[in-house]
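K.L.:
Below, each chain spelled out in residue letters.
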Amino acid sequence: MTTIVRTPAAGPENSADPARRGEPVGGGADRMFGLSLTSSGIVVLTIMGTVGLFLTLRGAGALKVAGLEFLTTQAWEPDAHNFGIATVLTGTVMIATVAIVFAVPLATGVALYISEYAPPSLRRLLINMVDLMAAIPGVVYGLWGFYLLNPSIIPLARWIASNFGWIPFLGIADSHPNDPFEPLTIYESSTFVAGIVVSLVIMPTICSVMRESFARAPIGEREGAYALGATRLGMIRSVVMPFGRGGMIGGTMLGLGRAMGETISVVMIITPVYRFQPEILRSGTNSVAALIALRFDAASPFELSALMAAGLALFALTLAVNFAASAIIVRTRSGELSGA
Amino acid sequence: MGFLVIQSLAFCLLLFTSARQRRPVKSVGRHRAAGRPSRDVERPQPQAVDQEPVSAPSNVELRNPDVMTSTGVNAIMPTTQLQAIRGPADLATIEAKSISAWFDERKVLDRVSLFMPAGSVTALIGPSGCGKSTFLRILNRMHELIPNATLAGEVLLSGSDIYDPSWKLTEARKAIGMVFQKPNPFPAMSICDNVTAGLKLTGIKASREEKDDLIEECLTKAGLWNEVRDRLRQPGGALSGGQQQRLCIARSLAVRPKVLLMDEPCSALDPTSTRRIEQTIAELASEVTIVIVTHNMQQAARVSQQSAFFLAEQGTPGVIVEAGPTSKIFGSPDDPRTSDYVNGRFG
Ligand SMILES: Nc1ncnc2c1ncn2[C@@H]1O[C@H](COP(=O)(O)OP(=O)(O)OP(=O)(O)O)[C@@H](O)[C@H]1O
Ligand SMILES: [Mg+2]
Numbered sequence: 001m002t003t004i005v006r007t008p009a010a011g012p013e014n015s016a017d018p019a020r021r022g023e024p025v026g027g028g029a030d031r032m033f034g035l036s037l038t039s040s041g042i043v044v045l046t047i048m049g050t051v052g053l054f055l056t057l058r059g060a061g062a063l064k065v066a067g068l069e070f071l072t073t074q075a076w077e078p079d080a081h082n083f084g085i086a087t088v089l090t091g092t093v094m095i096a097t098v099a100i101v102f103a104v105p106l107a108t109g110v111a112l113y114i115s116e117y118a119p120p121s122l123r124r125l126l127i128n129m130v131d132l133m134a135a136i137p138g139v140v141y142g143l144w145g146f147y148l149l150n151p152s153i154i155p156l157a158r159w160i161a162s163n164f165g166w167i168p169f170l171g172i173a174d175s176h177p178n179d180p181f182e183p184l185t186i187y188e189s190s191t192f193v194a195g196i197v198v199s200l201v202i203m204p205t206i207c208s209v210m211r212e213s214f215a216r217a218p219i220g221e222r223e224g225a226y227a228l229g230a231t232r233l234g235m236i237r238s239v240v241m242p243f244g245r246g247g248m249i250g251g252t253m254l255g256l257g258r259a260m261g262e263t264i265s266v267v268m269i270i271t272p273v274y275r276f277q278p279e280i281l282r283s284g285t286n287s288v289a290a291l292i293a294l295r296f297d298a299a300s301p302f303e304l305s306a307l308m309a310a311g312l313a314l315f316a317l318t319l320a321v322n323f324a325a326s327a328i329i330v331r332t333r334s335g336e337l338s339g340a
Numbered sequence: 001m002g003f004l005v006i007q008s009l010a011f012c013l014l015l016f017t018s019a020r021q022r023r024p025v026k027s028v029g030r031h032r033a034a035g036r037p038s039r040d041v042e043r044p045q046p047q048a049v050d051q052e053p054v055s056a057p058s059n060v061e062l063r064n065p066d067v068m069t070s071t072g073v074n075a076i077m078p079t080t081q082l083q084a085i086r087g088p089a090d091l092a093t094i095e096a097k098s099i100s101a102w103f104d105e106r107k108v109l110d111r112v113s114l115f116m117p118a119g120s121v122t123a124l125i126g127p128s129g130c131g132k133s134t135f136l137r138i139l140n141r142m143h144e145l146i147p148n149a150t151l152a153g154e155v156l157l158s159g160s161d162i163y164d165p166s167w168k169l170t171e172a173r174k175a176i177g178m179v180f181q182k183p184n185p186f187p188a189m190s191i192c193d194n195v196t197a198g199l200k201l202t203g204i205k206a207s208r209e210e211k212d213d214l215i216e217e218c219l220t221k222a223g224l225w226n227e228v229r230d231r232l233r234q235p236g237g238a239l240s241g242g243q244q245q246r247l248c249i250a251r252s253l254a255v256r257p258k259v260l261l262m263d264e265p266c267s268a269l270d271p272t273s274t275r276r277i278e279q280t281i282a283e284l285a286s287e288v289t290i291v292i293v294t295h296n297m298q299q300a301a302r303v304s305q306q307s308a309f310f311l312a313e314q315g316t317p318g319v320i321v322e323a324g325p326t327s328k329i330f331g332s333p334d335d336p337r338t339s340d341y342v343n344g345r346f347g
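Quick mapping for you: the protein sequence lines, in order, are chains H and U.
Heads up: the first sequence runs through residues 1 to 340, numbered per our numbering.
Heads up: the second sequence runs through residues 1 to 347, numbered per our numbering.
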């Protein structure tokens, strides 16, 4: 009270100037609504916390046995106490990377086409199609990937391996691409195929986030660019893309998070291996999610604990990626509502 | 499967190599320009003759140097006036001929003609919704950005119709710059980059020094140089509203337009910034032909040499009721509606 500076000539009611607080406008109903929203927020946090805690507690047994080697061991023989996530974690990251490499350009193209080029009628149709694509379950993509993509990828994979084999990860050390009798199964069920299938799973998510941020690029800036004599491409490059950059990065991170967790389609396609396999075109790969899905059924109690520990690693990784994504979306301009 | 790869590669190519392309997508302008006339021809213009009396006399007046000197323009900007009469090569006249405009099926402008002399300021005044902005946007082909917006008529830039297929859309917009009501600098770009954005967008190559000179020149002309000279690297969005608007003027000037259109450039600004921009306009008038829309009668009287009064009466499309030297429009207009409007009796 003493800090409030007022002219001494103020009226009598000012003599005991109480510090004024903003009264809630809506009264009881408003407070109830606020409380229920707060509690739903708390529920979400609790669920996340519980999942993390559950994984930590159940995985602790295996982690104690493996120690730091849990991160560096490639094999997965929990009952022989020789196990680690070096293979599956790198596999996860590699599949997700391939998925991002395919999904992001495609999603950017589709998002730009929808928001900038498509005529209004086609635009609505395309938005619905992309949403529909997001609704297709992973198992369907898995089927498609296994029966259609897997066999038909061979020529492409072979071509890449023979022409770009010198690029790290793209070569296959002991392949003979020019030998007509080479067994072709070496090119199937690889990180590459799994990555492409996962890219289809995550593309719609990335695309929606990007499209929304592109579409919010302010009309004033767009017209400013056109009025300078810009072509549509120039306008997109100078106004839409810079404005949508937050959405592009955020959407990509969101897709990355989903790609790392994608399970069923990966399980259906890959030939699981338990040693680090850096050649993405070669048959055989693995991922944390696939490992858990494949093993938990017949697992001994100790292996289950090991799987929980692997799950914890994946949980932490996806959480980190998603936090990074939201941080980036919030920090950039396209995260703001106002175009001013 | 291969389609995915091809798609990705093609897309990357599109995005990242076109950055270096000098003049991308020439065909955009051509395509639009070619599409336009066929559309216009469909528009019936049966009463074309009826309107001549309204616009023709004003044209004659504006073109007549004696009338213009009698307005006292000489006293304000003698060199401008001389240049306008001699018509040096780098000054351009702009003339709207029988412009009509539609949004969907609604006609908002009906055969409007106006001659805007070189190197001087023409003010467009009139009540809200009478089609001033629409008219202005037709002058640099911004109108066709709006879906379902159509138009008919001709816009002659020094005698050459910018809607003719021989004009590229982008060239027309580059030659006829525009400053908008709401300041719209590119907020993420630095002040420097904002000024030179037009060069990049229109594929003009310039060396580092040329750019620096251009930045200083344009910012000086726009009356902003002294305020920003030591923070040129800051983002354009970090300036005040009035500074942003002057940055937009500088940005327009950097592509060396022949005509500068301004749609209520001061309506969002404080009196000081407004003064500053009016001063800028006065200084620029000797180099570019300026057309300004304003709701501020004093401003129109202060900055312009010619004025045109637009009016859209009850459910009819907008027309120019009267056009002529500003002193005449504000002093002794022929039409009672003009006199009512400029004296604040309606609108
Ligand atoms: N994008 C649009 N779609 C449909 N109609 C429009 C559009 N823009 C303008 N109009 C209509 O065209 C007419 C002329 O509008 P315009 O913006 O040219 O008026 P104005 O004279 O600039 O008004 P103000 O002084 O308020 O800016 C108005 O009746 C308006 O409703
Ligand atoms: Mg307007």
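Honestly, I wouldn't trust all of these hints.
[Claimed, not checked] Ranges between beta-carbon positions, derived for each pair: (1) U:G315 with H:A324: 26 to 34 Å; (2) U:F103 with H:A320: 45 to 53 Å; (3) U:N226 with H:N163: 43 to 51 Å; (4) H:N163 with U:S158: 39 to 47 Å; (5) U:E217 with H:D17: 54 to 62 Å; (6) H:K64 with U:R231: 52 to 60 Å; (7) H:P137 with U:E105: 16 to 24 Å; (8) U:L145 with H:A173: 53 to 61 Å; (9) U:L145 with H:L148: 42 to 50 Å; (10) H:D17 with U:G241: 49 to 57 Å; (11) U:D270 with H:L37: 34 to 42 Å; (12) U:G129 with H:E212: 43 to 51 Å; (13) H:V101 with U:D212: 34 to 42 Å.
Keep in mind the hints are simulated off the structure, nothing from the lab.
In this text the structure is predicted, and so the values were computed from the model without any measurement.
We treat Cβ as the ideally placed atom computed from N, Cα and C, and that holds for glycine.
K.L.:
Are the hints correct? Go through all of them and say.
P.N.:
Each hint, compared with the structure:
no., hint, in the structure
1, U:G315 with H:A324: 26 to 34 Å, "57 Å, violated"
2, U:F103 with H:A320: 45 to 53 Å, "51 Å, holds"
3, U:N226 with H:N163: 43 to 51 Å, "59 Å, violated"
4, H:N163 with U:S158: 39 to 47 Å, "56 Å, violated"
5, U:E217 with H:D17: 54 to 62 Å, "58 Å, holds"
6, H:K64 with U:R231: 52 to 60 Å, "58 Å, holds"
7, H:P137 with U:E105: 16 to 24 Å, "47 Å, violated"
8, U:L145 with H:A173: 53 to 61 Å, "56 Å, holds"
9, U:L145 with H:L148: 42 to 50 Å, "43 Å, holds"
10, H:D17 with U:G241: 49 to 57 Å, "37 Å, violated"
11, U:D270 with H:L37: 34 to 42 Å, "41 Å, holds"
12, U:G129 with H:E212: 43 to 51 Å, "32 Å, violated"
13, H:V101 with U:D212: 34 to 42 Å, "40 Å, holds"
When held up to the earlier numbered hints, the structure conflicts with 1, 3, 4, 7, 10, 12 and fits the remainder.
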